[in-house]
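Colleague: Protein sequences appear in the order of chains A and B.
Each residue of the first sequence is one higher than the one before, counting from 1077 in our numbering.
Each residue of the second sequence is one higher than the one before, counting from 99 in our numbering.
Quick caveat, the hints were computed from the structure, so don't treat them as lab data.
It cannot be assumed that every hint is accurate.
Covered stretches of chain A (chain B as the covering partner; in silico rule of three or more C-beta atoms under 8 Å from a C-beta of chain B) [said to hold, decoys possible]:
1) 1113 to 1120
2) 1163 to 1170
3) 1187 to 1198
4) 1215 to 1228
Here are the in silico distance ranges between beta carbons for each label pair [stated by the list, open to error]:
5) D834(B) to T1080(A): 50 to 60 Å
6) S1082(A) to D596(B): 34 to 44 Å
7) V1204(A) to P321(B): 34 to 44 Å
8) R844(B) to G1109(A): 47 to 57 Å
9) K155(B) to T1198(A): 53 to 63 Å
10) I797(B) to G1158(A): 38 to 48 Å
11) A1207(A) to G665(B): 48 to 58 Å
12) E588(B) to G1158(A): 18 to 28 Å
13) A1207(A) to E643(B): 44 to 54 Å
Just so you know, even glycine gets a beta-carbon here, dropped at the ideal spot from N, CA and C.
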Amino acid sequence: MKRTISLTVNGDLHELAVEPRRTLLEVLRDDLGLTGTKRGCSTGDCGACTVLLDGSAVNSCLVLAVDAHGREVLTIEGLAEGSQLHPIQDAFLEHGGLQCGYCTPGMILSAKALLDENPHPTAEEVKVAIAGNLCRCTGYTKIVESILAAAEKISGAGVS
Amino acid sequence: MSEFNVIGRRVPKQDGVARVTGRAVYTDDIKLPQMLHGRILRSPVPHARIVSIDTSKAKQLAGVKAVITAADMPRSGFGYGKDNSPLKWEKVRCVGDEVAAVAAIDDNTAEEALSLIQIEYEQLPAVYDPEEAQREGAPLVHERSKNNVSFSWTFNKGDVEGAIAEADVVVEDRFRTQYINACPLEPHICLASFDQAGNLAVWVPIHFAFMFRKDVAEVMGMPWSKVRVIQPAIGGSFGSKIDTEPFHFICIALAQKTGRPVKIAFTREEEFLAARPRQPMILDIRMAAKKDGTLLARDVHIISDNGAYNAWGSHALFAAMMSVTSLYRVPNVRFVGDVVYTNKPYGGSVRGFGNPQATFAIESQMDILAQKLGIDPLELRLKNANQPGDVTVQDVKITSCGLAESIEKVAQRIGWSEHHGKGGNRGVGVASLIHVGGGARIYKSDGCGAIVKIDDGGDITVIIGSSELGQGSETVQAMMAAEELGARLEDIRVINSDTAIKPWDVGSHASRSTFISGMAIKRAAEQAKKQLFEAAAQKLEARPEDLESLDSKIFVKGSPDRFLTFGQAARADLLRTGGDVIVAKYFYDPPNVELDRGFFGNVSATYAFGSHAAEVKVDPETGAVDVVRIAAAHDVGRALNPMGLEAQIEGGVAMGFGYAMTEELQVKNGVIQNVSLLDYRVPTVQDVPAIDPIIIETIDPIGPFGAKGMGECSTVPTAPAIANAIYDATGVRIKDLPITPEKVLRALEEAKETSKDGSEGGLIDE
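Only chain A is shown next, with the shape it has when bound in the complex (with noise of 0.2 Å):
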């Protein structure tokens, strides 16, 4: 029995017939196109389907579409505005954070979240809020460094 949900994705606001049994992550790629969101486990081990709800960040497999009815729900492609990218995606960009990509969106998000809680972090604040993310190609590295950066850059800017 579908049940109707609204949904804000990206400041858009979605009414939706789904099933219960499906997820976020499924709704989102298959029913919205926001493909940007990867699905790399469907259990919640690899990070790929990072959304944020409610500014929190949450892996899209393991949240019901119904549980997030009447949230609002930040995906990677609401996060630039037009074709000026937010500071944490020209810091990957510039300082060589991704390499294949497919972590990528889950990876940023991630950080923003960390960001938007905590402007200032530490490698090691970086390290805990992007654990539950895996990266297979770039040995982390340059992610952490993109997201330092990043925050020196959004702090300078008083951008959010």
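Mind docking chain B on chain A? Use the hints.
Modeller: The following block gives chain B in isolation, referenced to the frame of chain A:
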């Protein structure tokens, strides 16, 4: 001031914006009209006769569009020796073997349909140990391979026995390595679609596109020309997406049967079960040396635990053999490598391709030898290091070579003299490597085609056979084209993802893309530039040879103020009677050879070298090892994009660290026990040690701008460097990977017992 305009700059990934904004399209992001979802029913047992398959209930389920077994698709063999088939009909030989498949309107329906297929198996005795498999009376994985040896690699040069007899010191050890999964973040996936005329398009993250096409055509019984391979963004591979796998053929068969597009996407569990792992090896190795440390002989026998079929991994001994014959100067070498079938997951190609296994053994044993000789491990390595101009016993011709420099650099960065030999559960270790760096001729051609096109807008398109897997090849390719043409980097786009468009390439493997595609691009660009200059010369009233270009402008040397843009020059060539387009092509096939029957031959146009040094702290109470940091120096010929190189080093070290310390597919009675990322333990950001990437430039005489390949190298020597550091810290030697706390603790306890008994051996390295 650099002699280059673009080369040597830290350039962000050209495909990066799409990837940080979520706009890059991976195969799983593609939805075609009428698309169905495929699922595969896999064998739960390691060795069995298939007695019966009943698909009738599955076929009746609403939403199911096709259920197929081997009876419904070609049974053609594929893989080396054609020992594998897409769907199995008589026998299954390992857990995960494909027995039936379903296409349905959605994934849940397909999954439900699988549960309705009834298969009766008659279990057969199975064999899991590659040594037992060779004994008389062992169950046979393939009837035609008596004693289960699929094939062997044998090499012999010099007089190994004689050298060992005359040596001052001989060491002999057995090492073991484990199964690992490559674990790309994007699981394996395939989308196949036929048009009305029977033309097949396959969207697939594969980096062997033309070989994939050939495999598909041959197995499915189609003309090659009907198969088009499109490579969407690839979410990592590390070698695992090079093989054409049963699921690819099955996906295509389902699309053929239903007349609709079909997508098969692996679950993560399936990725562990059915993506090709790195094969375990048992390595028996003897090394002999003179008192002064001069190496005299190396005698190696490797058993490669191949699993049930010959995927590309059956050839991993190719790379293992090269390290055995050619890492350091060794005048007498014997190598025997047996590829042995077992009823287990079958190995594929994973970053380093047999080299991490061999280098773990060789480089661990170099330290054992050093200890026995009473020589500093660094000194032993430097004394025997390969030098430019050397030709090794396997006919490997070494040109540029930064091996000695890499040893010295990592030793300095890890603080060798302060930390080595101090004991007290803290230590440092070093290990080095050799790998192909200028292609690897494992096929009749080692070539790659490039097309460089300069259009009327001044925009430059590089169409290249090789593939971007995340490693950054597109970016480096654009940089090389920009450098050669004197163009702005932002004017260049790279197209590399469609066999209908791109020229032939033997695939992105063997760390070959930068070297081979780079040479192809460089030479195609030279020709395009010549044509462009000829067009510009008339307008600038100069001779073509007097012109130069910079930032996409052409001008007479020394007079940059009067110029034509690339667009103006291209238009001058095009917009006239008898005009022409500017399109140049080059197919670069490097000066290397296939191995001959004795396994001799200079298989690569150049070789890559490097060294890692690790610092560790060991907790003697728990056996836990803290790898504090790793210095990793790599001879890259020339650093084309230092940021990309550092990234390759850091990522490779992290993978090497996982190989050394945490990762193992635990296979019990043929069944993989840890099929989730949580249980398997890919290193997280909190696990990976601090990594100090060091770039060594040796300017290769034939590589593009002096560069050579290195993508795999950074994974190769990490494990032995750590094992050597653990020995330095504790005096215990771990000879099987991964180095778990349990193994360290057990070894520490055994060492304690031994020293209590008063027999030889102590806790602390002298």
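Colleague: Are the hints correct? Go through all of them and say.
Modeller: Right, here's what the structure says about each hint:
Only when three residues or more bring their CB closer than 8 Å to a CB of chain B does the claim for the segment 1113 to 1120 of chain A stand; here the count is 7, and the claim holds. Under the rule that three or more residues need a Cβ within less than 8 Å of chain B, the assignment of the segment 1163 to 1170 of chain A holds, with 4 such residues. Given as covered by chain B, the segment 1187 to 1198 of chain A fails the check, having 0 residues with a CB less than 8 Å from a CB of that chain where 3 are the minimum. With a threshold of 8 Å between beta carbons, the proposed coverage of the segment 1215 to 1228 of chain A by chain B holds, since 6 of its residues qualify and at least three are required.
The supplied range of 50 to 60 Å is met by D834(B) and T1080(A), whose beta-carbon atoms lie about 57 Å from each other. Range check, S1082(A) to D596(B): Cβ separation about 41 Å, and the 34 to 44 Å hint holds. Hint check: V1204(A) to P321(B), Cβ distance near 56 Å, so the stated range 34 to 44 Å is violated. For R844(B) and G1109(A), the Cβ-Cβ distance of about 54 Å falls inside the hinted range of 47 to 57 Å, so the restraint holds.
Between K155(B) and T1198(A) the CB atoms are about 59 Å apart, so this pair conforms to the stated range of 53 to 63 Å. I797(B) and G1158(A) have their C-beta atoms about 44 Å apart, which keeps the hinted 38 to 48 Å range intact. Hint check: A1207(A) to G665(B), Cβ distance near 50 Å, so the stated range 48 to 58 Å holds. For E588(B) paired with G1158(A), a C-beta distance near 20 Å keeps the hint of 18 to 28 Å intact.
At roughly 60 Å, the beta-carbon separation of A1207(A) and E643(B) lies outside the given 44 to 54 Å, and the hint is violated.
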